[in-house]
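Heads up: the sequence shown begins at 1 in the UniProt record's numbering, then just goes up one per residue.
Label pairs and their computed distance ranges (CB to CB): (1) 293 x 12: 39 to 47 Å; (2) 21 x 196: 41 to 49 Å; (3) 185 x 337: 40 to 48 Å; (4) 133 x 191: 44 to 52 Å; (5) 212 x 293: 16 to 24 Å.
Calculated pairs, DSBU-like style, for lysine-lysine (alpha carbon to alpha carbon, straight line, at most 35 Å): (6) 39 x 217; (7) 119 x 217; (8) 39 x 212; (9) 119 x 212; (10) 238 x 217; (11) 238 x 119; (12) 238 x 39; (13) 238 x 212; (14) 39 x 119.
To be clear, the hints were calculated from the coordinates, so they are not data collected in a lab.
C-beta: ideal position from N, C-alpha, C; glycine also.
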Amino acid sequence: MLYLADDGLRCAACATCYPLEDGYIDLMPRGADFDYVSKYVTDEAELAEELDYRDLAPPLLAAGVRDRTLRRLMRWQPSDVVLDNGCGTAKHAVWNTPYVGLMVGSDPATLFADEAVAKVALAKADSRTLPFADASFDKAFAIDILEHFPIDVIDDYLRETARVLRPGGRMLAFSNTREMSPIQPIINISRRIGRLFVRAGVYDFSREARRKSDHLKALETWEDVLAAFERAGLRPVKVIFWNSLFTTFVEHVLMKLGEAVLGRGSKKPTKPTAADPQPAGIAREIRARRRMRGQLRPGSPVYYALMAITLMMELDLWLFGWMRCGSYFILVEKPHGLSRSE
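Can you make the complete structure from the sequences, with help from the hints?
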């Protein structure tokens with residue numbers, strides 16, 4: 001049992017203190033020694049500026065497609081108690097808080113957006129040993145999480161998520177395998193166009209490459225995905241694949257050209273220095289995102305333009321969602337009668 005003390009929450013049995021930090025509670029397991037540690041934990045201070053995480057934009061573009069699909073498949077209820085397991089900045093938790101009774105965000109790194117600190121119940125915690133009681137949550141979700149983990153961590157993550165879900169509770173995961181889309185040759189046209197602009201020096205993908213540098217994709221095939229959820233005792237309910245025909249054009253050409261224009265600095269790009277350690281491409285993208293956020297008031301022309309592009313990207317799901325490929329949304333359910341040991 002935990003009780004509130006001057007320095008945080010204390011365990012009545014072992015006297016361990018779990019400190020209350022600025023906007024979240026530190027519930028990391030004490031004395032645990034894990035083989036795998038995310039780069040977002042080991043390099044948290046270094047990544048803080050690069051991720052530009054403090055301010056949230058509205059749910060638009062690829063993040064908007066993920067969020068719209070999350071809401072459509074989860075069918076939030078006002079009484080739902082929901083876990084965003086591995087929440088990162090907790091942007092999806094923020095965007096969906098108005099539709100549920102309680103939204104909890106959990107992550108071992110504390111790169112939480114300011115709005116998340118204000119609106120979401122946040123915990124610094126490890127998904128391999130979640131600090132929540134059995135059957136605590138009606139629903140849970142994992143957006144862009146599983147591709148980061150080795151198999152043993154995936155198994156622990158899914159098993160713990162299943163444990164804290166109530167019987168009949170549902171989880172949605174978005175991730176990707178190593179499988180190619182049946183329409184990959186068409187999708188790759190946009191990638192080739194993007195590479196031409198990169199060679200011309202118009203923009204680059206350095207920030208995207210850094211963000212994905214720890215992607216393991218240990219679940220290499222769709223069969224691997226199904227087997228992992230089966231091991232956790234979670235039953236598939238619905239699957240949508242994301243064959244990114246429109247999305248790739250937007251991300252590799254359209255938005256990168258916009259970023260190149262908006263992110264222009266006042267001087268010619270230079271190599272990183274000790275005083276300015278960021279590569280020019282990363283600095284340009286951060287400038288573009290910050291300038292764009294200032295124009296994203298709901299109802300503004302820029303907002304409506306980006307919403308139209310978001311809906312175009314969502315066509316990939318409506319037109320090709322039945323077609324097996326690497327990127328997927330999977331909705332699963334914890335069957336009634338599943339015990340903790342199972």
